[in-house]
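Asker: Generate the whole structure from the sequences, applying the supplied hints.
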Amino acid sequence: MLYINNLSKTYKGGKRAVSNLSLNIEAGDIYGFIGHNGAGKTTTIKAAVGIIDFEEGEILVDGLSIKDKAQECKMKIAYIPDNPDIYEYLTGIQYLNFIADIFGVSQTEREERIRKYGEVFELTPALGDLVSSYSHGMKQKLALISALIHQPRLLILDEPFVGLDPKASARLKEIMQELCREGAAIFFSTHVLEVAEKLCNKVAIIKNGSLVVTGSTEEVVQDKSLEELFLEIEG
Amino acid sequence: MLKQIYLLTKIQLLNTGGFNQIRYGKDKKKRNNLILMLSSYLFVGLIFAAYMGIISFGMVLLGMGDMVPAVTAALVSIVVLFFTMIKAGSVIFEMKTYDMLASLPVSPTAIVVSRFLNMYVMDVAFGFIIMLPAGIISGVMMGKGIGYYLLYLIGILLVPLLPLTIATAVGALITAVSSRMKHKNLVTIVMTIGVTLVIILLSLSLSGTATEITITEEILGDLLEMVESQIFGMYPPARLFMEAVSYGNLLSGLLFLLVSACPFLLLIALVQKEFLAISSILYTHKSGAKYEMQELYQLSPVKALYKKELARYFSSSIYVLNTLIIYLIMILLAAAVAVFGAEKVEELMEFSDIVTKAMPLLLAMFGCMSSTTNCTISMEGKEWWLSLSLPIRARQLFDGKMMVNLTVALPCYLISEILLLFSLKGSVLDMVWLILVPLAYILLFTVFGITINSKMPVFKWEKEETAVKQGGALLIAMLIAMVSTIIPMIAVFIIPAGSQHLLYGIITCLVLAVTCILYVRNSRVDLRTLDD
Chain A
299 MLYINNLSKT YKGGKRAVSN LSLNIEAGDI YGFIGHNGAG KTTTIKAAVG
349 IIDFEEGEIL VDGLSIKDKA QECKMKIAYI PDNPDIYEYL TGIQYLNFIA
399 DIFGVSQTER EERIRKYGEV FELTPALGDL VSSYSHGMKQ KLALISALIH
449 QPRLLILDEP FVGLDPKASA RLKEIMQELC REGAAIFFST HVLEVAEKLC
499 NKVAIIKNGS LVVTGSTEEV VQDKSLEELF LEIEG
Chain B
31 MLKQIYLLTK IQLLNTGGFN QIRYGKDKKK RNNLILMLSS YLFVGLIFAA
81 YMGIISFGMV LLGMGDMVPA VTAALVSIVV LFFTMIKAGS VIFEMKTYDM
131 LASLPVSPTA IVVSRFLNMY VMDVAFGFII MLPAGIISGV MMGKGIGYYL
181 LYLIGILLVP LLPLTIATAV GALITAVSSR MKHKNLVTIV MTIGVTLVII
231 LLSLSLSGTA TEITITEEIL GDLLEMVESQ IFGMYPPARL FMEAVSYGNL
281 LSGLLFLLVS ACPFLLLIAL VQKEFLAISS ILYTHKSGAK YEMQELYQLS
331 PVKALYKKEL ARYFSSSIYV LNTLIIYLIM ILLAAAVAVF GAEKVEELME
381 FSDIVTKAMP LLLAMFGCMS STTNCTISME GKEWWLSLSL PIRARQLFDG
431 KMMVNLTVAL PCYLISEILL LFSLKGSVLD MVWLILVPLA YILLFTVFGI
481 TINSKMPVFK WEKEETAVKQ GGALLIAMLI AMVSTIIPMI AVFIIPAGSQ
531 HLLYGIITCL VLAVTCILYV RNSRVDLRTL DD
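Each protein sequence line maps, in turn, to chains A and B. Start counting the first sequence at 299; every next residue gets the next number (the working numbering). Start counting the second sequence at 31; every next residue gets the next number (the working numbering).
Derived by calculation from the structure, the hints in this document are not laboratory data. Since we're looking at a predicted model, the values are computed, not measured. Do not take every clue at face value.
Stated by the list, open to error - EDC-like cross-link-like pairs, simulated, lysine to aspartate or glutamate; straight-line CA separation at most 20 Å:
| id | chain 1 | residue 1 | chain 2 | residue 2 |
| --- | --- | --- | --- | --- |
| 1 | A | 365 | B | 556 |
| 2 | B | 320 | A | 476 |
| 3 | A | 365 | B | 561 |
| 4 | A | 414 | A | 351 |
| 5 | A | 437 | B | 377 |
| 6 | B | 493 | A | 386 |
| 7 | B | 303 | B | 124 |
| 8 | A | 437 | B | 561 |
Answerer: Dropping the structure here:
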């Protein structure tokens with residue numbers, strides 16, 4: 299579903315953020331992406347969703363290049379950044395309706411999904427309020443609903459659990475598993491290693507822009523915990 | 031407290047001019063853009079300074095050298111009053127950075143004072159550009175002593191205080207009144223536009239009355255009297271300033287100091303006392319009744335983008351005020367022609383035949399100077415990631431943005447056209463150009479706004495004012511709008527009578543051709559390459 303081959307990204311000023319990174323996320327995968335701050339997680343994610351350009355390597359979404367077929371790729375993706383700044387001048391429902399319009403979601407489907415996920419994340423009563431009045435957690439929930447509104451084939455999330463209350467976190471994990479059962483793929487970065495260990499069937503650890511470990515969670519962790527392995531790698 | 035005020039003011043000023051980016055930024059393109067922007071400001075400043083120098087030179091030659099301090103002070107005051115009114119409310123009562131600072135051991139008074147000082151420093155800088163060259167030229171030509179220069183310099187520091195106080199008081203009052211209304215932004219926009227238009231009309235009416243005297247009695251004594259009545263009518267404290275600087279009257283100087291500084295200090299004291307109360311009303315969001323799912327309607331992506339952009343536009347009073355006022359001036363101009371006739375308006379503008387010969391271009395100038403697209407990309411700010419990650423093409427995004435400008439500009443254009451078509455006399459072809467030329471320019475600068483803003487976007491801002499007023503794109507777009515209409519205007523006056531139709535035809539074709547080229551180029555922009 300998401301194939302990253304030899305990705306390298308150097309920022310203006312010469313900082314090499316990602317170096318020869320390769321990953322293959324298949325349908326049904328919940329893929330955890332782990333690394334310390336500044337390791338290159340967000341850069342990789344932003345390149346994968348077509349927000350930033352890259353000079354070396356290729357990224358394919360469902361077989362299509364994000365460079366050449368950005369529109370088509372983005373139609374299959376839902377992305378939520380670590381700190382989702384959402385149009386503050388719209389109400390929650392206006393924002394969701396806007397996203398549904400962009401993805402061409404039909405009237406019946408959008409109503410059904412907003413009703414469903416609004417109740418799951420207990421946000422429906424606040425959907426008539428301006429986003430500017432939302433707390434960080436509420437914005438995160440709104441971003442999650444907007445990500446699910448078009449039933450993406452690939453969900454890319456940067457630190458999705460930050461700011462969510464325990465109940466919403468649990469619901470998100472259930473939704474992630476449900477989506478994967480339906481054939482979608484999820485690629486997300488996290489610092490919460492316990493979550494990654496329990497939730498992901500595959501993990502990758504990135505250090506200084508290069509991939510250090512990748513594979514199925516069981517194979518990677520073996521007899522240690524993910525936290526022990528991570529600390530060992532970080533030295 | 032003083033140290034806190036100093037530090038806060040310094041930080042705000044560093045943020046304002048982008049000086050820190052130039053000094054410490056590693057991105058060469060970003061630095062070059064900032065340098066280009068500051069150079070443009072410097073260029074405009076030099077033009078103003080030179081212009082004021084020439085006026086001062088002329089006034090001394092006409093024996094009105096003593097009036098130079100009063101004229102420059104009045105000019106600075108009107109400009110400060112006009113521009114501060116638009117931004118005062120949003121600058122003083124801005125809450126995002128206040129929330130951040132409030133958690134630090136910083137006194138609220140220091141925050142409020144530093145915000146006033148931030149505006150004051152910018153106004154003083156403008157004061158120096160306008161007043162200093164004029165003062166030096168008149169001082170040297172009249173052989174004035176050191177006392178003249180010293181008092182004049184002190185005056186430059188004092189002049190912006192009173193207009194700043196009045197503008198802030200009115201701005202704060204509007205903000206405070208509108209904060210109690212349901213549609214806060216709309217009320218702020220309407221009230222500020224109302225007050226600003228009153229200022230424009232008042233200053234126009236003063237200059238209109240005075241011009242009549244020149245026509246009937248063309249003698250120098252009356253000219254002096256005319257300038258005095260105009261200046262002192264517009265800005266009464268100018269008399270005190272003139273008496274202090276030109277005649278060394280220290281009592282007048284002291285009175286000018288009191289008149290300028292006391293209201294300013296009083297206002298700061300008042301605002302800092304009521305700051306939290308006003309801000310909390312202003313930024314407390316009323317939580318509506320519990321939302322219940324209703325029927326939702328599907329729109330096409332472009333329509334959805336347009337609707338979203340329209341909501342963005344009307345959510346920001348400073349954005350609306352900064353763009354809508356010029357369009358309203360365009361209507362005012364057309365209304366003035368319709369009510370008073372072309373000759374009277376030409377008299378008022380002190381430019382003979384400008385309406386009868388070059389009205390299409392004059393209308394075009396007002397129609398293209400303040401396109402909302404000049405800063406529409408910058409206005410996305412931290413939310414830019416959404417435009418990048420959603421499956422929308424550059425063309426769709428830009429179409430939505432351009433449609434907002436046309437929504438604002440076209441009704442103003444249509445009203446102006448109706449007023450002019452019924453009041454101006456001319457051939458059918460004259461009327462055709464009156465319709466086509468401004469329309470072509472509006473379209474061009476709607477598209478050009480996107481072009482220039484995509485070259486110089488500013489995404490990292492805390493206050494909307496930074497995106498709306500301080501972007502280099504805005505300044506360059508305004509300059510190009512002025513130059514591209516003024517040059518053909520000059521040509522209209524130079525070319526032989528009867529050739530205007532050909533000229534207007536060429537201009538229209540050229541403008542529309544450039545519009546098409548830019549539109550196609552904009553549509554091909556890779557949004558990922560846009561970076562501030």
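Asker: Give a verdict on every hint.
Answerer: Each hint tested on the structure:
1. The hinted pair formed by residue 365 (chain A) and residue 556 (chain B) meets the criterion: a straight-line CA distance of about 10 Å does not exceed 20 Å.
2. Simply put, residue 320 (chain B) and residue 476 (chain A) have alpha-carbon atoms about 29 Å apart, too far for the 20 Å limit, and the pair is violated.
3. Distance hint between residue 365 (chain A) and residue 561 (chain B) is fulfilled; the C-alpha atoms sit about 18 Å from each other, no more than 20 Å.
4. For the proposed pair residue 414 (chain A) and residue 351 (chain A), the alpha carbon gap of about 35 Å is over 20 Å, so the pair is violated.
5. Between residue 437 (chain A) and residue 377 (chain B), the direct Cα distance comes to roughly 58 Å. Violation of the 20 Å bound is thereby established for this hinted pair.
6. As the CA atoms of residue 493 (chain B) and residue 386 (chain A) are separated by approximately 14 Å, the hinted pair is consistent with the 20 Å bound.
7. For the hint linking residue 303 (chain B) to residue 124 (chain B), the alpha-carbon distance of about 16 Å falls within 20 Å, and the restraint holds.
8. Proposed proximity of residue 437 (chain A) and residue 561 (chain B) is contradicted: the alpha carbons are some 25 Å apart, above 20 Å.
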